[in-house]
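J.: Here the structure of chain A is known, so what remains is to put chain B in place on it, guided by the hints.
Chain residues, written in single-letter form:
2 protein chains.
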Amino acid sequence: LTYFTGAKVKPIGVEISSFGMALPDEIESAVQLSKKIGRSADWIKRRSGVLNRHISNISMPELAAKAARIALGDGPRPDLIINASGVAYQVLPDTSVFIQQELGFEGIPSFSIHATCLSFIVALQNAASLIETGVYERVLIVSADLGSRGRNFDEPESAALLGDGAAAVVLEASESASLLAYHFKTWPSGAKHTEVRGGGTRLHPQNPKTTHADNLFSMNGPAVFKMARKLGGPMIQELVDKAGLKKSDIDLVVPHQASGFGVRVYTRYGFDEDKIVNVVAEQGNCVAASIPMALVSALQSGRIKSGDNIMLIGTGAGLSIGGLILRW
Amino acid sequence: LTYFTGAKVKPIGVEISSFGMALPDEIESAVQLSKKIGRSADWIKRRSGVLNRHISNISMPELAAKAARIALGDGPRPDLIINASGVAYQVLPDTSVFIQQELGFEGIPSFSIHATCLSFIVALQNAASLIETGVYERVLIVSADLGSRGRNFDEPESAALLGDGAAAVVLEASESASLLAYHFKTWPSGAKHTEVRGGGTRLHPQNPKTTHADNLFSMNGPAVFKMARKLGGPMIQELVDKAGLKKSDIDLVVPHQASGFGVRVYTRYGFDEDKIVNVVAEQGNCVAASIPMALVSALQSGRIKSGDNIMLIGTGAGLSIGGLILRW
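Order-wise, the sequence lines are chains A and B. The first sequence lines up with residues 63 to 390 when you count with this note's numbering. The second sequence lines up with residues 63 to 390 when you count with this note's numbering.
For the record, the hints were derived by calculation from the structure and aren't laboratory data. Errors might be hidden in some of the hints.
[To be verified] Below, in silico cross-link-like pairs of lysine-lysine (DSSO-like), each with a Cα-Cα straight-line distance of 30 angstroms or less:
id	chain 1	residue 1	chain 2	residue 2
1	A	K271	B	K97
2	B	K271	A	K98
3	A	K271	B	K271
Looking at chain A on its own, in the form it has when it is part of the complex (with noise of 0.2 angstroms):
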């Protein structure tokens, strides 16, 4: 794209003061998976590098409030709630009045941002934006996706990845932490490799032509990450000039949790294996949550420390590939 100059870009003041994490009590282990895609335990260990995923028997708004309880703690209440999940709880009104509603509130601003995979990167840069203008002062961000629900059970390779979960973060102005930088691209020509065709206006419900596996989802992995690895180098490279860092100056990255592949492929781009946030095991695929979910995974096992420069980057359906990098 002709527009990024390779110039360093301002930082934004801005911190995630509090963060908070749900993961529904029910698992499902690859063997319970197995008889459900008619596939072995092994073949989805394998294939996948997901051993457990969530499953969630309480609604999407449910598990987004009890996420954003324990980020707002005891703290005042949000000016703002984004909800940056991948999926929405209904068509209208949009789902973050729901997430509001289970908290209890009323009269809060309130909106979704969708960039399906990615909506918790874009959310996080549109807040730090509004913050930096005076619009907002406490926004909080929620992404909850039940990706169990929409698993098609007759394509075993996208069905073996998806899981149910929510995290949800507080981000505050700050004087000493940053958003250095955040880039972020979409290739229209990547759409058909993931997709969940129905639901909207395209394949209606009350449309006859709409079939059972439109209302799923369906991901080309291999096309994906033909895609993913010719466009990711450059992007990475990209965002780290644009925070006027090296690659070697980032302390964490915490990447989509796509795969066990997906996840590893960071490795390709010059990170240590010991600097990559790798919950994809135990968690699972759970679309726009992952980000969130392994962000605050790294950040309950106190591996991130004041000054760390951490790097949220990942591809999603699209195809986008996004990213920004904190200074924390």
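T.: Coordinates of chain B only, in the frame set by chain A:
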């Protein structure tokens, strides 16, 4: 809400540098609709205030791209595309990808902002903050909705309102024009008053409990108006206070074209009828596209001149009320 201080906020130097609108050729009159919903043409006109609505025979991204191409004209390609529509084309990827695809672009960042009928207002503030903080320079915002496809002919009151249309604007930094103020609030206690319950994880298309009506638009008009009447007046006062203006300083009110009554109601808040853009009789309620369509209609008819204070305002499913004031 405790956060509003009554203080004037800092303006953001942005302008709508170009714009476009797409109205489908096919028009459905009240007489034609009367056969579908079992009400007379007079009943439709009297109750809804909508004489004609446009019906699209092309897809939502195609209609969106028509408006976007007019807005972009011969200018450079945008460095961000925001889809600010009420209903998605499909669940994944998000709809902005398909609009970019129709425009023939590759590699432009794109995502969706969803705040139901107020998506355009929320997207405009997000885009302004992104521009002000140096993240993007030329943002294309597109709102397109095929409201006619969500009509429930067994609910004549709401089916009489909806129509199809699209509008797009380009937002850029400006030294003269500005976004003076923005105000937006959401009350989940009104969530049930305006709904499309299906299409997401709540009442999934595959769920045997999902009914025909769940996948179509439903509105309890009297309940919406009761909430809006109570909350709207203070919201509008807070918005003009934030801009450091008085209501009499507003040169043009561009309301959501909810219904004939939903447009005329702004006279009750102290605005003269000739300062309120009213295109609902010929366009109907085009969900999130209605506000930018009304704005572009006013621009095309020469009603907006440099230095004018233009207020965009509306209520949306949520229930949300939101508005912003542009110094043109």
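J.: Determine for every hint whether it applies to the structure shown.
T.: Taking the hints in turn, this is what the structure says about them:
A C-alpha spacing of about 26 angstroms is found between K271/A and K97/B, which places the hinted pair at or below 30 angstroms, so the restraint holds. For the hint pairing K271/B with K98/A, the CA-to-CA distance comes to about 22 angstroms; that is within 30 angstroms, so the pair holds. For the given pair, K271/A sits about 20 angstroms from K271/B by alpha-carbon distance, which is consistent with the 30 angstroms threshold.
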